[in-house]
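K.L.:
Letter by letter, the chains look like this.
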Amino acid sequence: MKKTHLTLTVNGQTYTLPTLPGETLADLLRKRLRLTGTKIGCNEAECGACTVIMEGEPVLSCSTPAERADGKTIVTIEGLAQQGALHPLQEAFVKHGAVQCGFCIPGQIMTAYGLLSRNLNPTSAEIRHALKDTICRCAGYPTIEQAILAAAKAIRTGQPVEEPEIPASVRGGRFIGQIHVRPDGIEKVTGKAIYTDDLYFENMLYAAVKRAGVPHAFVRHIDVSKARQMPGVAAVLTAAEVPGQNIHGLVTLDWPVMVGVGERVRYVGDAIAIVAAETQEIAKAALDLIEVEFDPQPVICTAIQARQEGVPQLHPKGNLLKHIKVRKGDPQIGFGEADVVLEHTFHTPPHDHLFIEPECSIAVPEGERMLIYVGSQIPYQDRSQVARALGWEESRVRVIGQLMGGGFGGKEDIAGQIHAALLANATGRPVKLLFDRHESLLVHPKRHATQITVKIGAKQDGTLTAIQTELYGDTGAYASLGEKVLTRATTHSAGPYLVPHVHADCYAMYTNNPPAGAFRGFGVLQSAFAIESAMDMLAERLGLDPIELRRKNALRPNTETSTGQVLRESVGLVECIDRVTEAMCQVSRLPRQALFQARPVAGAEHLVRAWGFAVGFKNTGLGGGADDCAGAEVELYENGSFEVRSSSAELGQGLVTVMRLVVAEELCLPPEQVKVLVMDTDLTPNGGPTTASRQTYVTGNASRLAARTLREAIIATLAERYDQAPETIRFENGQVHVNGHVLTMQQVYQEMKAAGKEPRVLYDYHAPATAPLGMPGDMHVAFSFAAQAAEVEVNTLTGEVRVLRVIAANDVGHAINPLGLRGQIEGGVVMGVGHALLENFITENGYVVTDRMARYRVPSIVHTPEIIPIVVEDPVSTGPYGAKGVGEIVLIPTPPAITNAIYHAVGVRFDRLPVDQEQLLWEITKRQA
Amino acid sequence: MTLWKEYLHPQSVQQAVEALAFSPAPAIPIAGGTDLMLDLQQGHHPPVHTLVDLTGIPELQALEIRNERLFIGAGVPHHRIVESSLVRQHAASLVESCGLIGGPQVRNAATLGGNVAHALPAADGTIGLLALNAEAEIASLAGRRLLPLHELFAGPGKSTLAHDEIIVGFYIPLRKPGQGSAFCRVMRAQGIALPILNLAVWLERQDEIIRAARIAVGPAGPTPFRALQTSAYLTGKPFCEETILGAQQALLAEAQFRTSPARATAEYRRKLVVVLLKTALLSAWHRASEQ
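Residue numbers (this note's numbering), protein chains in the order written: chain A, 1 to 929; chain B, 1 to 291.
The shape of chain A in the complex, shown without the other chains (with noise of 0.2 Å):
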């Protein structure tokens, strides 16, 4: 009964091994036959990551025995292509833009090869129910619906895998604008691709760290005399022994690397010590031999009671991090002038970024530096914070960013870097240190909690006459980003809307919840909540249409924003509100006049449907008076190929493929011939910060002015050596032509290197230049817009929601990678009906209620509704060919899209995330009555 060995065949490959005591097929295909394809998100059988096909059947190998393997066959992501061709699932999911961040594909993929290995024809509710639990939190899951059909589609024909109907960008472009595939796809659905987790150092160390435990506490004592005496544990080290600075923190330092004796715990994920062990079983065990001793504190929980007087004072300049305002005009002369003034207030709460890859930093020493391989979407201030909790010289660390298996704003802050870099630095040896999903939330920064008081007034016919918001943003432990996110707020309180007297006031407050720091929306997400709530409302006490209320308010050009900022151009939201507006009497085949009202549906009148409606505007780039800038660099080779690098960060959302494409576009190259590279610091210069849907803007400015340049550069020299004027040299397909002489590339790289140029241009972007808050000028270089109509179903008698549809206009300035454009849409809407109808981290009095995956849910396949994404390019004459961000503001409306659909079809008004059934369920039953 007992085996020794066991004996299974993978991708058509036998293995005999020997067992081992507690392995899962996931550790066994992962550490032992370095299948690292197959990814592990939550190791709780929640996500779906970690899916193969074990005798034809997909299963969850986090939750699989090994042994259970035994006499079986095996097939994981490496086994799909066949002699170097593609699976068609894996063709389409490239050629669709089903792949992203790519960490989930594997299990997506694997999924769906084990429904069309039984169904060839699948229908869509068949690929919904059978990609049920394999989440994606990129989220393209319409895209990676249409990508299994058209895969499907190809097996039963035999003919190639189709082409996504997906609009190329009418403002036209040779390549950029146009369709093309990630440099990076087909590593991502091959299993090649390599995130941090997937690498191997021989003689590596495995860390853990000894958490605090508690939310608010002072260190009386702690031991690590045990730990360090077990078998296997390499180094304990505890604050005393970090050799430089003990503190981090990307705008505030306010952070400790570790909390030593005598100092204040914050929340419960503080660090206490770290282990490095030669298994992580074994570190995982020492850090129950460390002693601490605690003298436990009253918590702070909420923002509001951070700021009531005799509360305990987390850090030494108090709970206040930032009082953030805004003062245009008088809102008293504005209420003054209003027929209605509406007050209302409205809670959000914190949100998990739920990247599925977790945390994982690996520190290799090598010689007098360290080397940090990490997906970090700031890899140069990680390079930074590292080098001064080591007291050393920033050159001597060297970031190695490695594919991201999902970011959105989670990987800013320092996760395991600094720790890994301590423990390599005592050991001299590589040390990796990865996060669970259990360490993962409870550790990382997450969205604000806010509470929003909105005070709008306006005229009968519904013009604005002042709005006054009072914010409360918990930022939590540590400040991460928390001025930053909650100044974005507070400044895009007051809506996209044109109001002549705003006043708002945010109090960033320090609490003993985990951080919150930088989330997709930024602080934007909290305020269109309440403020589209709010318009809502007003709308309806006016007795207006809501989207006529809006319309007539909108920002347009010449317009001046609550900040005093004159909006000149690319000011494109009224073109989405009518777009909305149009698509929505279209596809639901409504006059306009019936959009908003209930319709229960026939034959089951206990299901009410509605639309609901909501806009929303978000800035790009840092703004605010900060320096925004972004290098890259563009080298052409001797083979005739070239290549952009910026260390920007790639975390799925196409960065590399906007890169690709702008080189291409500027030198007249097939995009193929581009090779990208990001995220080293040695190689790479600084590309910033990945935040504040910026790099479309920066780093695509860089990349195409370093391409213009370059190409400058080579006319030059060519005009010189053939002697012709430069207006006659023509790049052209990879080629350049001079006075009827055709050069490749290569030729090219020879004329250069024989005029004694170096065929490579650095090009340091600067943004214009901004104002901050408070002072005259622009705050920000531009502004996204957007508007969405969400319909919704709703159960009278459970009180359950369904989102049915969403429609989503954005005005992206121009669409370079409308790819990636449509993977951002569709993911963006998906975590909007997260955060309405799921999303929920709960904390309960410091301590983390929502710990494991299985108690924080978001959205998968079946809450997806149908997305029609449409388009708008008001172009900033700025941007790169007049693009502008996108990353956010494409869940900004849905949230509030969805409350208001709501409010239309059973009455019920939420001004609290999300919406809870079962509350909703009782004020039904109350209207009712």
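No wet-lab data here; the hints were simulated from the structure.
Check before you lean on any hint, since a few could be wrong.
To be verified - Here are the simulated EDC-like cross-link-like pairs (lysine to aspartate or glutamate), alpha carbons at most 16 Å apart as the crow flies:
no. : chain 1 : residue 1 : chain 2 : residue 2
1   : A       : K459      : A       : D545
2   : A       : K926      : B       : E267
3   : B       : K176      : B       : E18
4   : B       : K5        : A       : E23
5   : A       : K459      : A       : E281
6   : A       : K322      : A       : D505
7   : B       : K5        : A       : D545
8   : A       : K2        : A       : E55
9   : A       : K675      : A       : E187
10  : A       : K3        : A       : D70
11  : A       : K3        : B       : E83
12  : A       : K2        : B       : E267
13  : A       : K2        : B       : E18
14  : A       : K72       : A       : E55
Said to hold, decoys possible - Residues from chain B that keep clear of chain A, each with C-beta distances beyond 12 Å, as calculated:
no. : residue
15  : S12
16  : A25
17  : P46
18  : E68
19  : F71
20  : P104
21  : K158
22  : Y171
23  : L174
24  : Q206
25  : D207
26  : A232
27  : E241
28  : E242
29  : Q256
30  : R269
Source: prediction; values computed, not measured.
For glycine and all other residues, C-beta sits at the position ideal for the given N, C-alpha and C.
For chain A, the structure is supplied; the task is to place chain B on it using the hints.
P.N.:
Just chain B now, kept in the frame of chain A:
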């Protein structure tokens, strides 16, 4: 440090019960493992020395008609139940309940025996089975015995099985003309992946009269709940709106709902059970009319 030290592969029921009885303790059986692996990984289950894998035992994989009853081996995974024409014919509520569990990856591994042995009060498969008057065949060193399904449950997550006993399979009466069953549930979009409420109905009709009925509900108590009074109320009544109303009242009177934090209040469950009962009664009645 590891989740288990020894992993055993018995090939027969006898080997399995011997392994459980005589292996280094603690020794526990594992079937699909979709719950157990998580409980071990997350520390909700104390560490074990021996895992006894039941999935290689041919007898536990049987799904067939035996002695005028439908036999479903305890090791049959959910996807085979969902796809079986035999189960569809005789146990519609089980097909519906097993089809709603997890995604295909979980249904390929998770077994009906594991669902029952875990003894959660609102396990979908268990509730679907409970309305069908199923009996469980239990094996131990002492031999085999048959037990009405409900006698397997001792409390939330606690079965009456001794540590060296396993479930071999389940016997379900074959469906006769005029009989039908149905299952339905309500989930919550937020929070944990367990149903707020689930409910299964089996009934037999004669013309327009309900001749017999059985109703199972979860969670409505520490164990999967059989609504005996409601079943008694329905017996002999004409199938009409008034009877459904009466049954709803009877069910509210006998079921004990409680509030689960961040999941559902007792009041919400009372509201939902009325909806689910009607839906399942209509569906089962409709099926009872089919041949």
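K.L.:
Against this structure, judge whether each hint is valid.
P.N.:
A quick look at each hint next to the structure:
1. A/K459 / A/D545: With a Cα-Cα distance of about 14 Å, the restraint between A/K459 and A/D545 holds, given a limit of 16 Å.
2. A/K926 / B/E267: holds (14 Å)
3. B/K176 / B/E18: violated (39 Å)
4. B/K5 / A/E23: holds (10 Å)
5. A/K459 / A/E281: With a Cα-Cα distance of about 67 Å, the restraint between A/K459 and A/E281 is violated, given a limit of 16 Å.
6. A/K322 / A/D505: holds (10 Å)
7. B/K5 / A/D545: violated (68 Å)
8. A/K2 / A/E55: violated (22 Å)
9. A/K675 / A/E187: Holds, at roughly 14 Å.
10. A/K3 / A/D70: Cα-Cα ~9 Å, so holds.
11. A/K3 / B/E83: violated (33 Å)
12. A/K2 / B/E267: violated (51 Å)
13. A/K2 / B/E18: Within the cut-off at roughly 13 Å; holds.
14. A/K72 / A/E55: Holds. A/K72 to A/E55 sits at ~6 Å (cutoff 16 Å).
15. S12: violated (10 Å)
16. A25: At about 16 Å from chain A, B/A25 clears the 12 Å cut-off, so the statement holds.
17. P46: holds (14 Å)
18. E68: holds (32 Å)
19. F71: Answer for B/F71: holds, closest chain A Cβ roughly 23 Å.
20. P104: violated (5 Å)
21. K158: holds (21 Å)
22. Y171: holds (27 Å)
23. L174: holds (28 Å)
24. Q206: holds (29 Å)
25. D207: Given a closest Cβ separation of 27 Å, the condition holds.
26. A232: holds (26 Å)
27. E241: holds (15 Å)
28. E242: With a cut-off of 12 Å, B/E242 remains clear of chain A, as the shortest Cβ separation is near 19 Å.
29. Q256: holds (19 Å)
30. R269: The claim is violated: B/R269 sits with its nearest Cβ about 9 Å from chain A, within 12 Å.
This entry does not satisfy hints 3, 5, 7, 8, 11, 12, 15, 20 and 30, going by the numbered hints stated previously.
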